[in-house]
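Every position in the sequence shown, counted from 1, becomes a number in the numbering used here once 118 is added.
Derived from the structure by calculation, the hints contain no laboratory data.
Only pairs whose alpha carbons sit at most 27 angstroms apart, straight line, appear in this in silico DSSO-like list of lysine-lysine:
id : residue 1 : residue 2
1  : Lys195    : Lys126
2  : Lys159    : Lys248
3  : Lys184    : Lys126
4  : Lys248    : Lys184
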Amino acid sequence: MNLERLLKENLVKKQKPDFNQITQQVLRAEKDVQTAQATIKTDKTWAITIAYHSMIRAGRALMYSKGYLPTAKFTHKTIVEFTKDALGQELDTLVIRFERLRKRRHEFIYESKNHVTDEEANAAIDTANKITAEVKRLIKAANPQAELF
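Turn these sequences into a full structure, and let the hints steer you where they fit.
Right under this line is the structure:
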């Protein structure tokens, strides 16, 4: 992980892990995935946006658990990069999807691009579920004594 660069560029700062905050982020990430699934029938674009935000929450929880907090500068991109480094090469495909969804969300929010297929929406929800599950596993493994989720 290139924490040195993230710290030097003021993209993250150190903080003491707050397991209540971490738990709240993970629980909300899980709820967001459920909401994305429910929304897919009425608005696939919002569904992938919600799924993406689930991944952001999971990534944030992962950062918090390792004692870091993203700053206001390039927050989403920083969370994606941190998550990629923390999850490792074997889960690179998930993080590539996470990065694509970051761009899709940007297009939808800022440029009003609105076309999403059923396949893309379902893949976004699947990715959000997998990233959240892996983040939970990593947090629990690193903090076996903590009361979490």
